Amino acid sequence: MGVATERLSARKEKRGRVGTAWGSLRQEFNDPEKRTAYWMILPTVLIVLLIAAWPILYAFYLSFQRILPNVTEWVWFNNYAVMFSDGVFYRALFNTGVFTIVSVFFEFTLGLAIAMALNKRFRGQGTARAIAIIPWAFPTVVSGAMWRLFYQDEVGIFASLASGLGYDGVILANDFSVLIGAIVSDVWKTTPFVALLLLAGLQTIPGDVYEAARVDGATKWQQFVRITLPLLKPAILVALLFRTLDAWRVYDLFWSMSDRQLDSLSTYVFEFVRVSQADFSIGNAAAVFVFVSSIAIAFVFVKVLGARQGEA
Amino acid sequence: MGQSRGARRRGIDRRDFLKLSGAGLLSASVLSSCSRVTSGFTGAETVPEGTLIFSMGPDSSGVYAKVIDKFNKENSDGISVQYREMPTDSGQYFDKLRTDFQAGGGSIDIIGGDVIWPSQFGPNEWTLDLSDRFTEEMREDFLEPTITANTFDGAIYGVPWFTDVGMLFYRKDLLEEAGLDEPPKTWDELIEMAREVQEKTDTRYGFVFQGAEYEGGVVNGLEFVYNAGAEVFLPDDPTNVVLDEGGAAAEGLAVQRRLVEEGIAPEAVATYKELESQTAFIQGDAVFMRNWPFVYGTILGGEEAGSAIKPEQVAVAPLPTLEEGAESVSGQGGWNFFINATSEMPDECFKFIEFMIQPEIQKEFAIGASLLPPRASLYEDEKLLKEQPVVELAKDIVTLAKPRPQHPFYSDMSLIMADQFNEVVKGNAEPADAISTLQSELERLTNLGTEVYDL
Amino acid sequence: MHDDNKQSLVGRVGFYLGIVLFLIFTLFPLYWVFRMSAVASDELFKSPSLGTMFTVPFDLTGKCDLFGLKFTCPISYETVLADELYKDGLLNSLIIASITTIVCLAVGSVAAYALARIDFVAQKPVLSTVLAISFFPAVAIISPLFIQFQSFGILNTYWAAIIPDIMFALPLTIYLLVAYFRQLPPDLEEAAKVDGASVWQAFFRVTVPLSAPGVVTTGILTFIFAWNEFLFANTFLLEPKVQPATVIIPQFASIYTTDYGAQAAAALLMTVPLVILVLLFQRRIVSGLTAGAVK
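Chains as they are written, first to last, in our numbering: chain A, 1 to 312; chain B, 1 to 455; chain C, 1 to 295.
Hints may contain errors.
[To be verified] The list that follows gives simulated cross-link-like pairs (lysine-lysine, DSS-like), each with its CA atoms no further than 27 Å apart:
hint: 1; chain 1: B; residue 1: K70; chain 2: B; residue 2: K310
hint: 2; chain 1: C; residue 1: K193; chain 2: B; residue 2: K96
hint: 3; chain 1: B; residue 1: K66; chain 2: C; residue 2: K87
hint: 4; chain 1: B; residue 1: K273; chain 2: C; residue 2: K193
hint: 5; chain 1: C; residue 1: K46; chain 2: B; residue 2: K66
hint: 6; chain 1: A; residue 1: K34; chain 2: C; residue 2: K46
hint: 7; chain 1: B; residue 1: K310; chain 2: C; residue 2: K46
hint: 8; chain 1: B; residue 1: K172; chain 2: B; residue 2: K66
hint: 9; chain 1: C; residue 1: K124; chain 2: B; residue 2: K273
hint: 10; chain 1: C; residue 1: K124; chain 2: A; residue 2: K233
hint: 11; chain 1: B; residue 1: K96; chain 2: B; residue 2: K351
hint: 12; chain 1: B; residue 1: K383; chain 2: B; residue 2: K70
hint: 13; chain 1: C; residue 1: K87; chain 2: B; residue 2: K96
hint: 14; chain 1: B; residue 1: K73; chain 2: B; residue 2: K96
hint: 15; chain 1: A; residue 1: K34; chain 2: C; residue 2: K63
hint: 16; chain 1: B; residue 1: K70; chain 2: C; residue 2: K124
hint: 17; chain 1: B; residue 1: K185; chain 2: B; residue 2: K172
hint: 18; chain 1: B; residue 1: K310; chain 2: B; residue 2: K172
hint: 19; chain 1: C; residue 1: K87; chain 2: B; residue 2: K200
hint: 20; chain 1: B; residue 1: K185; chain 2: B; residue 2: K96
hint: 21; chain 1: A; residue 1: K303; chain 2: C; residue 2: K241
Since the hints were derived computationally from the structure, they do not count as laboratory data. Because the structure is a prediction, the values reported are computed rather than measured.
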């Protein structure tokens with residue numbers, strides 16, 4: 001009696017669940033309010049499908065083909081093979097990777113320090129915050145062009161500073177120094193923004209928690225490690241996720257600051273997709289690579305580290 | 001409640017301000033350029049009946065407009081030509097043309113095009129083969145290199161408009177001061193002389209050239225390679241890359257790096273394009289410079305043009321070679337006329353081209369815009385030589401011009417060459433390694449080209 | 001107690017020093033770019049010393065012409081303001097950014113309302129997807145979009161930049177508006193619904209009039225995003241007549257190569273309106289940007 005009835009009731013339950021699911025969907029569309037909701041999101045969904053979903057699928061499709069003036073043939077993973085044997089690809093990958101890791105590291109640590117400082121009440125706090133948001137308003141290309149002027153051999157203030165400190169090279173003539181220059185420029189532009197993001201997170205931590213800890217005899221450092229960091233973790237992860245993906249996609253900055261001399265993954269894609277004629281197909285493979293690697297990074301942050309987007 | 005109402009009031013105030021100023025600005029600027037804005041949305045180009053579109057980069061001298069006006073007046077009963085401005089950057093201009101061609105042709109009839117485009121246009125059948133129209137008789141008066149550059153696989157795709165050639169500028173006065181009277185003929189000589197003059201006259205740089213990673217860097221790098229006696233392709237055979245044969249190419253490139261290593265050229269030369277090297281030279285900071293003839297025009301312009309040196313202090317010579325007694329070769333520039341294969345009035349297009357290549361018109365371009373004429377006879381024209389010193393200057397060197405590798409995939413080749421040449425200048429790659437990388441990459445491209453275009 | 005005071009004095013000095021250093025680091029590049037744009041070129045080539053760095057010997061040899069107003073100004077500004085390419089670029093930027101903002105606000109506010117107010121099955125997935133778009137690497141789709149735009153004939157027109165800009169600005173627009181709508185008290189809408197209004201009516205008659213501050217903030221942030229956009233404009237707009245200022249400015253490195261003053265002036269002129277806008281609305285902008293990042 002036991003097993004048979006169990007199986008029967010299980011099946012009934014499943015049918016019931018499916019039935020409820022279908023039923024609830026029907027309920028969805030019967031409810032005029034919910035119907036309106038679907039209409040309201042329709043334009044957005046259409047735009048996303050047409051301009052993001054469809055093109056990326058098309059990009060995958062293109063990446064498996066070799067496309068030349070008189071030839072279009074299916075070559076499976078051949079484009080990827082060629083890309084992974086291209087020295088310039090690895091240079092772009094290296095530049096992008098170093099840029100991402102170093103700039104995010106500095107933006108995060110400096111940003112956190114500044115956020116903690118701005119969290120205290122002091123005279124001019126509002127002004128400080130206002131000033132902090134200015135670099136964010138700059139178009140990245142303009143910021144890049146501006147910093148390029150600063151690194152110029154003859155007139156650049158930072159070039160003079162560097163040579164004053166004993167550096168005898170030409171900043172813009174050396175790949176590595178240009179990369180460092182780009183990192184400095186990005187840190188200038190984005191640290192304040194990261195600081196503001198973290199500041200918002202800090203402001204949700206009630207002051208009493210710190211009071212209680214202080215009364216218990218905790219040092220500032222202990223307070224930081226045991227209270228601030230854990231409570232700030234969601235905001236930190238979100239900020240890190242956004243900054244890491246932004247840095248991974250760097251394009252504008254490298255283009256304008258290095259006058260196209262420094263390659264990033266994104267400029268690599270552009271070069272092969274728009275300038276090259278023979279290797280257009282490799283550009284498509286690179287485009288897919290950028291997409292997949294971005295998804296991978298987001299995945300690591302969301303699933304592994306537990307980043308959660310802000311939702312009330 | 002009160003606070004939110006107050007906030008709202010503030011918001012509306014600001015909103016009104018924004019709305020007013022935004023609307024004001026927008027309408028003011030839009031009203032001042034209505035048709036251009038509309039065409040920016042529709043992409044439509046209104047072209048009156050019987051008009052040909054001629055595309056070219058910016059007309060900074062104003063001579064294009066003058067000449068086209070002349071043509072339209074002379075042909076008032078026939079077709080008229082309209083000039084359409086294209087991006088300053090040659091690569092961007094090429095991108096626009098290529099996009100149009102791939103989409104079915106575009107609306108441009110006569111294209112003012114770079115000297116590296118014929119081999120990319122022709123095989124794709126984007127522009128017309130002009131061998132029949134541009135007859136052998138007509139070609140006779142033209143400098144040979146200008147015709148070679150427009151020829152690919154036996155067909156002539158372009159008609160030369162103006163030419164350009166790389167040359168060695170040097171400070172006559174500084175050489176005299178150091179006790180030297182002849183310009184160097186080999187690179188070894190140049191390095192020695194530059195060092196001597198640098199020391200004796202306390203000049204900052206010995207030699208400046210264009211070493212940045214761009215098309216101009218390719219021209220410079222190729223000049224080093226060609227002047228070592230090496231070739232990229234065998235003549236008339238774009239299917240066979242011979243760059244690494246004999247090791248001459250690597251030796252030539254090695255000179256480029258040597259110049260920087262031995263302090264003759266500044267390290268910053270890896271970022272120099274034409275204007276940076278020009279600035280260094282006309283500020284009096286360089287003994288030798290490799291550049292195009294236009295620099296002489298700047299020097300003639302005197303202080304107003306930014307030149308701290310006078311024309312009397314400057315002279316030119318052919319580029320040095322690696323081996324003694326070898327023939328000097330200069331990188332070739334210049335622009336030409338092409339006819340869009342989809343143009344509906346090709347004969348009229350060619351009429352316009354015939355007008356533009358008349359000796360009198362070429363003289364106008366030379367005098368008004370410092371553009372070197374491609375007609376050999378004009379270099380014997382006393383009057384022109386007097387009126388345009390730049391032509392006089394370039395007289396003996398224009399015949400030494402050599403085109404860059406001519407191949408349908410030149411764009412890709414250029415990217416790779418620019419990259420490798422720049423790596424050598426920066427010291428990141430050994431010349432021999434750069435050449436072998438180039439050899440294999442260029443081979444890959446030529447094989448592809450042979451396959452796709454049936455060369 | 002005594003120790004605490006001493007510590008807090010040192011701590012306070014250090015704290016203020018840190019803040020000041022931060023502000024200097026943030027503002028110095030702006031000051032320097034301004035200085036570069038306002039002085040004569042020989043001044044630019046002089047080695048900066050601590051003494052001269054903070055003086056600005058204005059060059060007043062130029063004559064500027066702005067919308068018909070003529071006045072003396074540094075030579076670099078005369079060069080830049082006389083440059084048709086630059087002015088056209090600014091106009092194009094304005095057109096592209098304005099239209100993108102308007103469409104985003106229209107489409108985004110409606111979607112945000114549904115996502116914020118109405119409980120429906122697709123709510124969470126759609127919200128997550130839209131926010132996930134902000135992680136999307138735009139460069140991955142320039143090839144397919146180029147092919148599509150070309151076949152539709154909109155390549156090299158404003159639409160080729162506006163359409164992708166809308167796509168990538170929508171997450172920001174929706175995110176901000178959802179946060180804004182969520183903190184609007186629902187009582188008025190409830191009241192309207194009780195009176196028999198449909199969702200659309202409640203939205204247009206009740207919510208929209210109350211949304212001014214949120215819409216203004218969102219509009220500004222969307223406008224700034226579209227104004228600063230470079231990748232799509234650079235890829236799909238091939239002629240100067242449609243290229244916005246972000247595409248024109250990097251070209252100046254090749255056009256005005258050694259005229260560093262002109263390049264500085266160009267950079268500054270393009271950013272000053274943005275900076276003013278941002279300063280005017282900074283509190284709203286900051287709270288908008290950080291809304292929701294809190295949880």
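Hints, verified against the model:
Note on K70/B and K310/B: the hinted pairing is violated, with a Cα-Cα distance of about 35 Å set against a maximum of 27 Å. The straight-line distance between the Cα atoms of K193/C and K96/B is roughly 55 Å, outside the 27 Å bound, and the hint therefore fails. At most 27 Å may separate the alpha-carbon atoms for a hinted pair to count; K66/B and K87/C meet this at roughly 25 Å. A hinted pair counts as satisfied when its Cα atoms are at most 27 Å apart, and K273/B with K193/C does not qualify at roughly 68 Å.
Simply put, K46/C and K66/B have alpha-carbon atoms about 42 Å apart, too far for the 27 Å limit, and the pair is violated. Proposed proximity of K34/A and K46/C is contradicted: the alpha carbons are some 69 Å apart, above 27 Å. For the hint linking K310/B to K46/C, the alpha-carbon distance of about 24 Å falls within 27 Å, and the restraint holds. Among the hinted pairs, K172/B with K66/B is inconsistent with the structure: their alpha-carbon atoms are about 37 Å apart, more than 27 Å.
About 54 Å separates the Cα atoms of K124/C and K273/B, which puts this hinted pair outside 27 Å; it is violated. At roughly 23 Å between alpha-carbon atoms, K124/C and K233/A fall within 27 Å of each other, so this suggested pair holds. For the hint linking K96/B to K351/B, the alpha-carbon distance of about 25 Å falls within 27 Å, and the restraint holds. Annotation: proposed proximity of K383/B to K70/B holds, straight-line Cα distance about 22 Å (limit 27 Å).
A threshold of 27 Å between alpha carbons decides the hint, and for K87/C with K96/B the separation of about 22 Å falls inside it, so the pair holds. Between K73/B and K96/B the alpha-carbon distance is near 30 Å, which puts this suggested pair outside the 27 Å criterion. With a C-alpha separation of about 62 Å, the suggested pair K34/A and K63/C falls outside the 27 Å cut-off, and the hint is violated. Among the hinted pairs, K70/B with K124/C is inconsistent with the structure: their alpha-carbon atoms are about 68 Å apart, more than 27 Å.
Of the pairs offered as hints, the one joining K185/B and K172/B holds, with about 15 Å between alpha carbons and a cut-off of 27 Å not exceeded. For the proposed pair K310/B and K172/B, the alpha carbon gap of about 11 Å is at most 27 Å, so the pair holds. The suggested pairing of K87/C with K200/B is violated, with an alpha-carbon distance near 49 Å, which exceeds 27 Å. Straight-line distance between C-alpha atoms of K185/B and K96/B comes to about 42 Å, which puts the hinted pair past the 27 Å bound.
A distance of roughly 46 Å separates the Cα atoms of K303/A and K241/C; the hinted pair therefore is violated under the 27 Å criterion.
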